[in-house]
Amino acid sequence: LELHAGADEEKLRNEFRILGYNGSMKFESGRAAVLSIHGTVDYTVKTSVFDPAAYEEAVELPCKTLGECTTFEDGKICLYRHRSGYCGVSFLVENKHTFPLIFNLDCSKSKNVVSHRPSLKHQMVIPPGEAKIMHHLLPDSAEVGAWSW
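Sequential numbering of the sequence shown, starting at 24, is according to this note's numbering.
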C-alpha cells in the first residue's frame, strides 16, 4: 500500500478494514448491500426470497415514471428513454397491443457506449400489455460528454 505525501495511512487502512479487507489487503468478507430507512412511523423489515417479477418491475418503474415516451402505431408502442444525468440512459419498450411485439433496438452507431446486453443491437419479443428493458447504456470512457447514442 503506497500513499501520497500527507496521507493518513491508519485512516486509510481502517476504511479498507470496514470494506472487508485484512491487514495484508486481501478481501475477506463484505456486505452485498446496506439498507438505511428513515421515517416517522413504525416499520418492519423482513427477509424474503428473491422475486424475479418484483425485481423486473423495480428496474422498469423509473423508466416508465420518469422517462420520456415516444409513441408508435397510434400509441400502441411506447419507447421510454430515461437518462441518469451523464451516467447513462435506459430504454424500455411497452407493448399496448393485444398480440406479442417483436421489437428491434439498434444502438450500434452509438459512440463510446457499453450496454448490459452482449450487443448494441437487441431484439426482443414483448408480450401484450408488458414492458421490457431493451438497453441500459453507459459511457465506456469516463470523459464527460464523450458519448452519444
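There's no promise every hint is true.
What the hints assert, rightly or not - DEER-style ranges, computed between Cβ atoms:
| hint | residue 1 | residue 2 | range |
| --- | --- | --- | --- |
| 1 | Ala81 | Asn135 | 37 to 43 Å |
| 2 | Leu89 | Lys69 | 39 to 45 Å |
| 3 | Thr93 | Ser59 | 25 to 31 Å |
| 4 | Glu153 | Glu51 | 28 to 34 Å |
| 5 | Glu80 | Glu38 | 17 to 23 Å |
| 6 | Thr121 | Tyr78 | 25 to 31 Å |
To be verified - Here are the computed lysine-lysine pairs in the PhoX-like style, where the Cα-Cα straight-line distance is at most 20 Å:
| hint | residue 1 | residue 2 |
| --- | --- | --- |
| 7 | Lys99 | Lys69 |
| 8 | Lys132 | Lys144 |
| 9 | Lys87 | Lys134 |
| 10 | Lys155 | Lys119 |
| 11 | Lys34 | Lys49 |
| 12 | Lys144 | Lys134 |
These are computed hints drawn from the structure, not numbers from a lab.
Even for Gly, the Cβ is constructed at its ideal location relative to N, Cα and C.
Tested hints:
no.: 1; hint: Ala81 <-> Asn135: 37 to 43 Å; in the structure: violated (28 Å)
no.: 2; hint: Leu89 <-> Lys69: 39 to 45 Å; in the structure: violated (28 Å)
no.: 3; hint: Thr93 <-> Ser59: 25 to 31 Å; in the structure: violated (36 Å)
no.: 4; hint: Glu153 <-> Glu51: 28 to 34 Å; in the structure: violated (43 Å)
no.: 5; hint: Glu80 <-> Glu38: 17 to 23 Å; in the structure: violated (36 Å)
no.: 6; hint: Thr121 <-> Tyr78: 25 to 31 Å; in the structure: holds (27 Å)
no.: 7; hint: Lys99 <-> Lys69; in the structure: violated (39 Å)
no.: 8; hint: Lys132 <-> Lys144; in the structure: holds (10 Å)
no.: 9; hint: Lys87 <-> Lys134; in the structure: violated (25 Å)
no.: 10; hint: Lys155 <-> Lys119; in the structure: holds (12 Å)
no.: 11; hint: Lys34 <-> Lys49; in the structure: holds (17 Å)
no.: 12; hint: Lys144 <-> Lys134; in the structure: holds (14 Å)
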